[in-house]
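Peer 1: Sequence:
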Amino acid sequence: MYKLEQYHPGVLAVLFSELICLAAFAWETNAPIHNKWVEVLLGFSLLSGLILSLGFFGTWLKFKDEVKLNSFLSANPIYSAIAIATLGEVATILLVPTQ
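Position one of the sequence shown corresponds to residue -4 (this note's numbering), numbered consecutively onward.
Keep in mind the hints are simulated off the structure, nothing from the lab.
Do not rely on the hints blindly, as some may be mistaken.
Stated by the list, open to error - Label-pair restraints from in silico Cβ distances:
# : residue 1 : residue 2 : range
1 : Ala21     : Phe58     : 28 to 36 Å
2 : Gly50     : Ile15     : 30 to 38 Å
3 : Trp32     : Lys57     : 35 to 43 Å
4 : Ala19     : Glu61     : 18 to 26 Å
5 : Phe11     : Ile88     : 41 to 49 Å
6 : Lys59     : Ala18     : 18 to 26 Å
All C-beta atoms, glycine included, are put in the ideal place defined by N, C-alpha and C.
I would like the entire structure built from these sequences, with the hints used as guidance.
Peer 2: And the structure:
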């Protein structure tokens, strides 16, 4: 029987906010977003995503002799999705042209 993994609601909120921010950047045509609430959401998701990603990779560093990175990422899909979304946010912020 399949065992259902339950994650902390805060982890799911971070992933959801990162996806919202990436979607907002994807639909924005020419200029960076200057909405106060989108900027607050971006700051929350980026900071929380960086904290969770660093903790996730710090946990892997403890077990890197026993477990390879690809198997560690596949065993924890939500945390790997947060790490990928955080990298996407950082890349998007760096690639947005400044005015």
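Peer 1: Hint by hint, note whether the structure agrees.
Peer 2: Structure-based check of all given hints:
no., hint, in the structure
1, Ala21 / Phe58: 28 to 36 Å, "holds, 35 Å"
2, Gly50 / Ile15: 30 to 38 Å, "violated, 22 Å"
3, Trp32 / Lys57: 35 to 43 Å, "holds, 38 Å"
4, Ala19 / Glu61: 18 to 26 Å, "violated, 40 Å"
5, Phe11 / Ile88: 41 to 49 Å, "violated, 19 Å"
6, Lys59 / Ala18: 18 to 26 Å, "violated, 33 Å"
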